[in-house]
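Q: Listed in order, the protein sequences are those of chains A and B.
Residues are numbered in our numbering as their position in the first sequence, beginning at 1, plus a constant of 182.
Residues are numbered in our numbering as their position in the second sequence, beginning at 1, plus a constant of 125.
No wet-lab data here; the hints were simulated from the structure.
Certain hints may be false.
[To be verified] Taking CB as the label site, the calculated pair distances span:
#1 A:Asp-403 - B:Asp-540: 34 to 44 Å
#2 A:Met-492 - B:Thr-256: 22 to 32 Å
#3 B:Gly-279 - A:Glu-512: 47 to 57 Å
[As the list claims (entries may be wrong)] Over 12 Å on every C-beta distance to chain A, these chain B residues come out as not near it, computed from the model:
#4 Val-243
#5 Leu-265
#6 Ala-491
#7 Ala-556
[As the list claims (entries may be wrong)] Chain B stretches covered by chain A per the calculated footprint, using a threshold of three residues with CB under 8 Å from any CB of chain A:
#8 269-278
#9 391-397
C-beta: ideal position from N, C-alpha, C; glycine also.
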Amino acid sequence: MAGSAGLALGARELLQAPSAHAAGAERGGAGASHGGGVNGPMFAQGATVDYEANGFNPTDILRDFDLGRTSTMPDGRTLREWSITAVDKEIEVAPGVVFPAWTLNGRIPGPTLRCTEGDRLRVRFVNASEHPHTLHFHGIHPADMDGVPMVGRGVISPGEEFVYEFDAEPFGLHLFHCHVGPLAEHIARGMYGTFIIDPKQGRPPADEMVMVQHGYNTTLDAQGNQLYAVNGIPFAYMNEPIRVRVGELVRVYLVNILEYDPINSFHLHGNFFNYYPTGTSLTPAELTDTIMQAQGQRGICEMRFPTEGMFMFHAHKSEFAELGWMGFFEVTP
Amino acid sequence: MTERTDSKTAGPQDREPGPRDTEQVTAGPAEADDGPQPRPHDGNGTAGRAVRVPLWVLGVAVTAVIGLVLGLLAVFGAGTLPERAGPPIEELAVERTVLSPGVIELTVRNIGSDPVQVSQVFVNDAYVGFTGGGEPLQRLSTTTLALDYPWSDGTPYIVSMLTSTGLVIEHEIAAAVITPPADADFFGRMVLIGTYIGIIPVLLGMLFLPVLRQARGRSVKILLALSVGVLAFLAVDAIIEGAELAASGAVFGGVLLVVLGAGFAYLVLMGVDRWLRSRTAAARRHDAAGGMRLALLIAIGIGLHNMAEGLVIGSAYAVGELALGAALIIGFVINNVTEGVAIVAPLADRRPGWLALLGLGLVAGAPAILGAVIGGAVNNPALAAVLFGLGVGAIAQVVVQILPSLREPGTRTFDARVVGGFALGVLLMYATSLFSAA
Ligand SMILES: [Cu+2]
Chain A
183 MAGSAGLALG
193 ARELLQAPSA
203 HAAGAERGGA
213 GASHGGGVNG
223 PMFAQGATVD
233 YEANGFNPTD
243 ILRDFDLGRT
253 STMPDGRTLR
263 EWSITAVDKE
273 IEVAPGVVFP
283 AWTLNGRIPG
293 PTLRCTEGDR
303 LRVRFVNASE
313 HPHTLHFHGI
323 HPADMDGVPM
333 VGRGVISPGE
343 EFVYEFDAEP
353 FGLHLFHCHV
363 GPLAEHIARG
373 MYGTFIIDPK
383 QGRPPADEMV
393 MVQHGYNTTL
403 DAQGNQLYAV
413 NGIPFAYMNE
423 PIRVRVGELV
433 RVYLVNILEY
443 DPINSFHLHG
453 NFFNYYPTGT
463 SLTPAELTDT
473 IMQAQGQRGI
483 CEMRFPTEGM
493 FMFHAHKSEF
503 AELGWMGFFE
513 VTP
Chain B
126 MTERTDSKTA
136 GPQDREPGPR
146 DTEQVTAGPA
156 EADDGPQPRP
166 HDGNGTAGRA
176 VRVPLWVLGV
186 AVTAVIGLVL
196 GLLAVFGAGT
206 LPERAGPPIE
216 ELAVERTVLS
226 PGVIELTVRN
236 IGSDPVQVSQ
246 VFVNDAYVGF
256 TGGGEPLQRL
266 STTTLALDYP
276 WSDGTPYIVS
286 MLTSTGLVIE
296 HEIAAAVITP
306 PADADFFGRM
316 VLIGTYIGII
326 PVLLGMLFLP
336 VLRQARGRSV
346 KILLALSVGV
356 LAFLAVDAII
366 EGAELAASGA
376 VFGGVLLVVL
386 GAGFAYLVLM
396 GVDRWLRSRT
406 AAARRHDAAG
416 GMRLALLIAI
426 GIGLHNMAEG
436 LVIGSAYAVG
446 ELALGAALII
456 GFVINNVTEG
466 VAIVAPLADR
476 RPGWLALLGL
486 GLVAGAPAIL
496 GAVIGGAVNN
506 PALAAVLFGL
516 GVGAIAQVVV
526 QILPSLREPG
536 TRTFDARVVG
546 GFALGVLLMY
556 ATSLFSAA
């Protein structure tokens with residue numbers, strides 16, 4: 183018994199040794215010497231993806247509004263035409279990580295279509311993918327233009343094409359995406375884009391940009407995402423901050439098309455912004471620095487930066503931020 | 126008891142001629158081969174049919190035929206299978222984790238059939254910068270990834286390695302602590318741990334010998350049954366532990382390693398047993414060394430088991446999981462005392478010297494030191510799986526040795542009290558193992 187007690191004492195000393203060791207001056211991470219990684223998440227060796235090979239660059243997508251080909255119809259209205267092609271394409275979604283994407287016009291997100299309230303719209307959809315797809319637009323339109331299976335033309339098979347035609351209403355910030363089952367996969371593979379209908383009277387002039395929040399489920403198992411991004415590539419605006427000017431009105435068309443996670447969010451540092459849900463009203467709903475959007479929700483954020491400097495923005499779901507959904511505004515004079 | 130040990134040792138003795146018999150049997154046809162030869166000579170003109178082909182020609186011919194067929198199969202058969210479609214099969218095993226301030230270092234091995242490129246890594250859902258792993262990792266080769274991450278003491282982490290194809294391979298760190306450097310101080314601690322859990326409790330258990338000596342006849346048999354219970358429990362426990370380790374590491378065949386280790390230990394110990402028998406052949410008739418031989422075999426079996434146990438404790442110490450406290454070591458000590466009892470059970474009616482007893486204790490206990498040192502320094506799941514397998518095989522061999530002597534003389538049945546002893550051994554081990562449930 184006595185021997186056993188002595189053993190216990192000896193054992194206790196023995197066992198506590200490693201913890202005591204760690205709690206000393208060289209305590210891991212939390213101690214005086216920080217070690218690495220404290221500056222936040224990043225990819226290996228600060229690498230970036232090959233935008234040229236991908237065929238698109240998030241910085242270009244930011245201010246790339248596709249106004250289509252316009253002409254005037256006999257009744258005086260504007261006819262606006264686009265052509266969108268579905269292509270299967272491997273995309274480098276993080277340095278060295280390839281994702282077998284299904285894209286619209288070869289990019290993720292697809293094109294940002296922009297028109298004015300009351301325009302006649304014709305969207306020619308060419309399916310050059312190996313899978314059946316559709317284009318489903320948010321907004322108001324006839325049932326047979328809804329781009330869902332079994333209604334109107336329904337599914338557009340590989341090699342086929344179809345022209346969706348409808349009027350632009352209501353004004354606001356919308357989106358479009360493929361609506362073929364399994365729906366979650368068709369969206370998660372990259373088949374979505376932004377659809378902006380400007381009000382007839384227009385909005386005040388501003389430095390306008392679009393941000394599409396989305397993610398990549400690289401394991402293709404529908405169990406959450408491994409990467410989160412705005413406009414295609416995680417951390418893109420960390421490496422290339424978005425340049426804006428002091429005092430100038432900045433208008434962000436913010437869309438959430440994230441699959442496999444119920445809610446996404448947008449948080450801006452060092453500033454507040456006016457938020458217009460769905461952009462269907464010209465009066466802001468709130469002045470805030472953080473908004474949240476469920477899948478398919480979108481809204482317009484308007485802000486002015488009073489001072490120069492670097493201002494971070496990111497999902498305020500920290501996990502999404504640290505898995506890629508974060509960036510910087512670089513405010514210059 | 127004596128008669129029983131006799132009958133037990135007599136058993137194999139009786140069986141020994143067996144192999145010789147079979148040798149003769151196999152020798153039979155060989156002779157028969159020569160036999161028919163003269164017959165054609167004796168007989169009529171059929172002699173030409175039986176032209177004797179030299180053995181080497183036959184060998185070469187058969188080898189050539191086999192080679193030809195294999196060659197044809199390689200050329201035509203391979204085309205039968207379609208090209209393997211679908212994504213590559215990527216598998217990585219983390220063989221070693223080293224934590225230093227702000228850095229998590231993983232040594233990974235490609236255990237799949239295709240090259241693997243670790244492109245990005247995230248820890249607890251945050252991407253981290255890291256160095257290493259630049260080139261695709263070829264099959265069975267290793268690389269070391271140094272992750273830049275401000276880990277904190279005692280926290281669990283999940284490291285997710287994102288491959289070039291988008292696959293995620295996860296590695297769990299149960300509780301992060303600084304990896305102790307493999308210096309003299311570290312090895313000193315490992316030796317101490319091994320001594321605490323191996324040698325001391327076994328020797329303590331052997332102190333029961335005087336008590337056992339008071340036992341007579343059947344009670345000794347019951348005690349031996351208790352040893353078998355102890356060993357059976359250890360074997361099952363080792364299979365489970367080994368399989369768990371193999372599953373977590375899955376290196377070089379996983380569970381297969383446990384099985385191979387078990388088979389290897391079983392065969393080697395069978396050899397050792399034969400050797401011990403031949404050495405004690407003269408004395409066997411008087412059964413002077415039979416009990417000692419059995420005790421030694423039990424000690425070896427338990428020793429191999431304790432080596433695996435030491436390995437687990439050593440590697441747990443190295444990765445900081447022993448921060449659970451002294452209770453764990455006390456648990457192992459109490460658990461292992463029972464092993465000492467098992468070793469001295471066959472010696473109940475003998476008068477072994479103190480030196481011999483100490484030797485038995487060291488055989489059973491000292492491997493724990495070796496295991497702890499290896500576990501702390503190497504911390505390799507594949508090695509651990511093999512060691513557990515060795516323990517299982519050793520125990521199986523010992524149980525096979527003891528079982529015949531537990532039967533009722535002249536029958537194949539066991540006395541109810543013997544079965545009770547067996548059950549008590551299992552229960553004792555189960556109850557005491559609860560103290561060290563980690
Ligand atoms: Cu689709």
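Q: Which of the numbered hints are not met once you compare them with the structure shown?
A: When the structure is compared with the hints, numbers 1, 3, 4, 9 turn out to be violated.
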